[in-house]
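**Student:** For reference, the chains in residue letters:
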Amino acid sequence: GESVGLHLPTLSVQEGDNSIINCAYSNSASDYFIWYKQESGKGPQFIIDIRSNMDKRQGQRVTVLLNKTVKHLSLQIAATQPGDSAVYFCAERSGQNFVFGPGTRLSVLP
Amino acid sequence: NAGVTQTPKFQVLKTGQSMTLQCAQDMNHNSMYWYRQDPGMGLRLIYYSASEGTTDKGEVPNGYNVSRLNKREFSLRLESAAPSQTSVYFCASRNRGPRDEQYFGPGTRLTVT
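Each protein sequence line maps, in turn, to chains A and B. Under my numbering, the first residue of the first sequence is numbered 7, with each subsequent residue one higher. Under my numbering, the first residue of the second sequence is numbered 142, with each subsequent residue one higher.
Simulated from the structure, these hints should not be mistaken for laboratory data. Just so you know, not all the hints are guaranteed correct.
With a Cα cut of at most 20 angstroms, we get these calculated EDC-like pairs of lysine to aspartate or glutamate [to be verified]:
{"id": "1", "chain 1": "A", "residue 1": "Lys62", "chain 2": "B", "residue 2": "Glu242"}
{"id": "2", "chain 1": "A", "residue 1": "Lys48", "chain 2": "B", "residue 2": "Asp197"}
{"id": "3", "chain 1": "A", "residue 1": "Lys48", "chain 2": "B", "residue 2": "Asp167"}
{"id": "4", "chain 1": "A", "residue 1": "Lys62", "chain 2": "B", "residue 2": "Glu214"}
{"id": "5", "chain 1": "A", "residue 1": "Lys48", "chain 2": "B", "residue 2": "Glu220"}
{"id": "6", "chain 1": "B", "residue 1": "Lys150", "chain 2": "A", "residue 2": "Asp37"}
Keep in mind it's a predicted model, so treat the numbers as computed, not measured.
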């Protein structure tokens, strides 16, 4: 899988703007996907999931889009708040287990 | 309901020392996992236990052993620590319901000098 080593991709957005975080997954047979949020010093927490038979799912202020043709997931956060600052991971269910992407750091500017 | 707990939170070892990382969950989940997270990288699976009494290797099992002591507890052992094992270790349990979610512990930050 892709590795970004020590340098996580970073997305900086103004408070109140919308954020879009992208993720490429590797296995076209993956049937289920999750976005996790990881705050500094904590374990990842579930945000939203989507099955491969869907192309869009909405939660509270978050939307996940799935494009199976190009094996791409995105997470949209509406009206980004300071509390949204974290690292965001996508995970694909591949066989019995999950494979995690390298993550994107979201930084919310005042 | 504490979720997933891990001990210790921090540990410093010298090369060649051994230690066991402890993990427990109180959600009655069958599956439990150990991951490591290195700076700027995603989580990599070390070992997992699909159910009590079974364990299997993940992506990066070398240098580690695990024990599924009972349904609640899943421990990770480093027999002879190496600097390459410096990392943050996360334990997770999994609820295979309609929402197939892993619940993560707070992590153990391990430094091997």
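**Student:** Each hint needs a verdict: does it hold in this structure or not?
**Tutor:** Evaluation of the provided hints:
Distance check on the hinted pair: A:Lys62 and B:Glu242 sit about 19 angstroms apart at the alpha-carbon level, within 20 angstroms; holds. Using a Cα cut-off of 20 angstroms, the hinted pair A:Lys48 and B:Asp197 is violated, with the two alpha carbons roughly 26 angstroms apart. As the CA atoms of A:Lys48 and B:Asp167 are separated by approximately 19 angstroms, the hinted pair is consistent with the 20 angstroms bound. The suggested pairing of A:Lys62 with B:Glu214 is violated, with an alpha-carbon distance near 37 angstroms, which exceeds 20 angstroms.
The straight-line distance between the Cα atoms of A:Lys48 and B:Glu220 is roughly 26 angstroms, outside the 20 angstroms bound, and the hint therefore fails. Our distance criterion of 20 angstroms between C-alpha atoms is broken by B:Lys150 and A:Asp37, whose separation comes to about 34 angstroms.
In summary, the structure is inconsistent with hints 2, 4, 5 and 6 from the numbered list given earlier, while agreeing with the others.
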